[in-house]
Each structure stands twice: as structure tokens, then as C-alpha cells.
Amino acid sequence: MATYTTQNPGKVERLVLYAPAWIRTTPSLSRPAGPLGAYRTVAREQAQSRWLTGVPEDKKATLIPAGWFETWADATFATDPVGAKMTPPALRAPNGVQQDGDEFFSAGKPYYDPAKITVPTLLVHAEWDRDTPAYMAQTLFPLLVNAPGKRYVQLPEGTHTIMMEKNRLMLFEAVQAFLDESGKS
Amino acid sequence: MDAYFKKCDEKLGFVPNVLKAFAFDDAKLQAFVDYRQELVQNAASLSKLEIEMIATVVSSQNRCFYCITAHGNAVRQLGGPVLGEMMVMNYRAARLDKRQRAMLDFAVKLTTQPWEVEEEDRARLRRAGFNDRDIWDIASVAAFYNMTNRLASATDMRPNSVYHGQASDSGDREDKMRPVYLLTAAHRGRHSPRTSAPRRLGANPKVVMEEMMVPSEPGIEIYVRNKRPADMTAFRPERTLLFVHGATYPAHTSFDLKLDGMSWMDYIAARGYDVYLLDLRGYGKSDAPAGDGRSTRRQCADRARRRPPSRTSPRSSISFSSAAASRASTCWAGRGGPR
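Sequences listed follow chains Y and L, in order.
Heads up: the first sequence runs through residues 1 to 185, numbered per this note's numbering.
Heads up: the second sequence runs through residues 1 to 339, numbered per this note's numbering.
There's no promise every hint is true.
[What the hints assert, rightly or not] Covered stretches of chain Y (chain L as the covering partner; in silico rule of three or more C-beta atoms under 8 Å from a C-beta of chain L):
hint, segment
1, 11-23
2, 51-65
3, 94-104
4, 144-150
5, 159-168
[Unchecked claim] Taking lysine to aspartate or glutamate and the DMTMM-like style, the derived pairs with C-alpha atoms no more than 20 Å apart in a straight line are:
hint, chain 1, residue 1, chain 2, residue 2
6, L, LYS206, L, GLU217
7, L, LYS48, L, ASP26
8, L, LYS285, Y, GLU103
9, Y, LYS166, L, ASP260
10, L, LYS258, Y, ASP74
11, L, LYS20, L, ASP34
12, Y, LYS150, L, GLU119
13, Y, LYS11, L, GLU238
14, Y, LYS166, L, ASP256
15, L, LYS258, Y, ASP113
Worth flagging that the hints you see were computed from the coordinates, not collected in a lab.
All C-beta atoms in this analysis are idealised placements derived from N, C-alpha and C, irrespective of residue type, glycine included.
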């Protein structure tokens, strides 16, 4: 959406980047080793361990309310009937993003010019996110030189997937407050 | 007139822009709607199709982009795609019976050379089987659309983009009254149902959901889900929102995953927003590219090609970008089209 916004400023009124990616200086958690095929596969346990990366040990048990991970994983893995027949069952995810990651953010190159974003923009991020660590949003924020009323919100006790964790309402409220500013002027 | 807009939305899936254009003046909008209704419903011997044929042919003479688009579309739906094209381009190419040909010739002359209309023209209509009441109706319909053509041209009125995709390759009458933006998602492919009528949700009776498969490149259809307040009738950019997902997981199983009975999408929709999400190609319920799905840049084509529910054009968006996915989120987004 960030790139789309730079290309179509007339079609976007405001932009929320939740856990934004930017130039990467640490390894990617989702990049498989070796050459990229069309898809990578993710197993359920792998999804869970990636989700909880960065969470302090004593907080892991209570971060995701009981049953929520299973609800998410059941729904998500059910979307790939081909992957479900693999052993172990897996979800296939397209690697186009990985290829672009290799060529841009992981190569130290920006994918878009943040100065071309000219609409109010919110960056929102949770402290334990190791998929897109906080340094990404923090590097990106000062580059948004033409985004009026830009905002950066760092939320406590959450990961990349805070939207499905116990603190999700903090995320919802922060985003809602930003959205509701529109039209108030 | 809010109720009327609501009815349009229910029957058509959108409110025609011509009505919105009138909406600054309730009294004139009401009169406009009533008169049109009277013309269409109470024409003694003109069918709905014939009225639309007159509207299209008159609009074609006046080169009114809005009206040709909207009424040409109506003819395609009621009378088939070929008839629709001929009414738009040159009605003389159609093999019409004597009655309809006389009717259209009269409407055209009344549009292009009204001062030359004489008794002989009326006599020709009578010979073709029309009585004086019918002649009055034909003239009224032609005159009415001459008026709307001029209003539309004067104000740069733009047709709802849904008209362009509507019934363009099918005369399927069964589809006629479905919300138009669902029409593009014909009954093809692997997902069933391909479309859904708006339905109220158990957990929050005030929010309705629609799902649609939107054609992108050949062989690729993109899954789009909408939730919005059931009583929403005005669709404004600042209350329109699109969720775009990250690198690994589809949108509908996260943004709209019910946890404790509520998803993030529900939360925002319940606060008065028209909320969309999509699964990018290769993810979730959208089709996967054949063969090598590597470059997500190809996913951007999904944005360019599909023309989904265009209620408003600019909007807010929430992009969940993991890893390189702020790129994935560059794709799609643009519900182009007129407001």
C-alpha cells in the first residue's frame, strides 16, 4: 500500500502501515534458505514458533488467549488444500515477496520513496515484533517528510501478529483513532 | 430520499451517480425520479426494452458518455449484448421490425432536427401501429433523455464504473437484479459460492457481509470481502477502507477472523466504515498463477485489472506488511472509478 500510495496519491486518503517493512539489516524470519521456488511451505508448528519469536519466555503462555492460535491456524491452513495433503501438512505461500525482499529491502534498497507519500500516515508496531523489527518503522518514520500529521505508535507486549493477541484492542483503538480523524477537520 | 437511495442500493448494489448528482436538491430529485418512473411504468404500449432503446439511441446522437454507458448497459441486459452494441453505435445496423425502426427514427429526428418534425413523421408512426398516446410517450421518453444528456454533459457526470463491467458478455436475465458488482463474478471456477448476497451476521446484526470473485488476468480471480453497516447508504472516501495482507498469510483468516465473536474487520465496520479485504493472487481464496508464481509484481496486475465495487474512490487503507510485503500491499488497492 505504501508504494501504491506513492503512485496514486489521489486515490488514498490516509495510510496505516501496521508492522511496516523497510530496509532490512537483520535476517528475515520468513526467508527460506537457498534458491527460491514459486512457493515456500510453512508448517503449523513453524508458524507458531515464528509468531512467538521475540516474546520473553515468561510471557509466552499468556500472549495468545486460549484457542486463538488454533482458530487462526485451522482457518488459515484450510485455505490450501494442496498443502494439506503434504507431510507434514503445510501452507504454501508465494515467494514473490521473498524475491522482492532479496532485491530490495534485504539488499539495502528502498522499494519506494517515502517522501512521495503525501497523505496522513500511521505507523503502528508492537515491541516484540521480530518479523519487522522496530528499527524498520523507526527508520521509515523520519523519511515520511511529506505525510501531514504522520504518527508512529509503538504498542507494548505484542508481536508482528498483535492483531490476534490479548492486546489487540490497543491496536484497534490506535488505528481507529487515526482513521476517525478523517472527516473531522 | 434516503430510503430511495437505500432501495437502489439493495436492488442494484449501487446508487446511480445521476441520482447522487441531483441529491443536493431533494425536491428536484424527487420530481426527477417520479417523472422517470411515470414514463417507464405507465407507457401504454412501449416495453421497458423499447424505452431503453430510445434512451440509448437518443444518448448516442447526443454523444452523452454517461447515458450511453448506462442505457446501453440496460439494453444489453434486457435485449442481449449485440442489440446493446448496435443501439450504442448505430441503430440502423439492427434488423428491427417496422414498428421499432419507426419509433427510433422518430426519436432521432426529434433529437437532431426537432424543427423538421411534421405530420408525415407522426403518420409514419401511426402506419407502424402506434396511436397518438404512444406518439406522446415516444416523444416524452426522447425528450426526457435529451434533457438528461444535456445535464450530464453540462456537469461532466460520470457513470458508475460498475456499468462498464455489467452484462457486457451475457444476456443472462437471471443475473439482472443482482448487485452489479457481483455480476462480474460469474459462476466459474473452483470456489462455491462465487458470490453471496449481502447477509446479516449473527454476532453483529448491524453489519452485513458480501463476498465476490473479481476477474483479474485470464484464469485469475481475486477474492474480495466487504463488511459494512447494514443501514449504510452514503459511501464516502473517508469512511472506506481496504485491508491488504502481508507476505505469508491471506487476509480473510486474520483481519476477519472472529475471536471472541469479533474480528478487526467487524470492529471497524461497526464504527461506520465500508471495509474491504482481499486475498492477493496465490493466497487464500484467490486463484494462484499457473506455473511459477514468483514475482509479486505480477500481483500488481490484479489492482490494475479489476474494477470491483466502486462506491467511492479514495479511501484509507491498512497494510499489514511483514517482510517485503509492503510491496505485496502495493498491489491492489485502487478501486478506481467515479465517486
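- Message: Under the constraints set out in the numbered hints, which ones does this structure not fulfil?
- Response: Numbers 2, 4, 6, 7, 8, 12, 15 - these are the hints that the structure violates, sorted from lowest upward.
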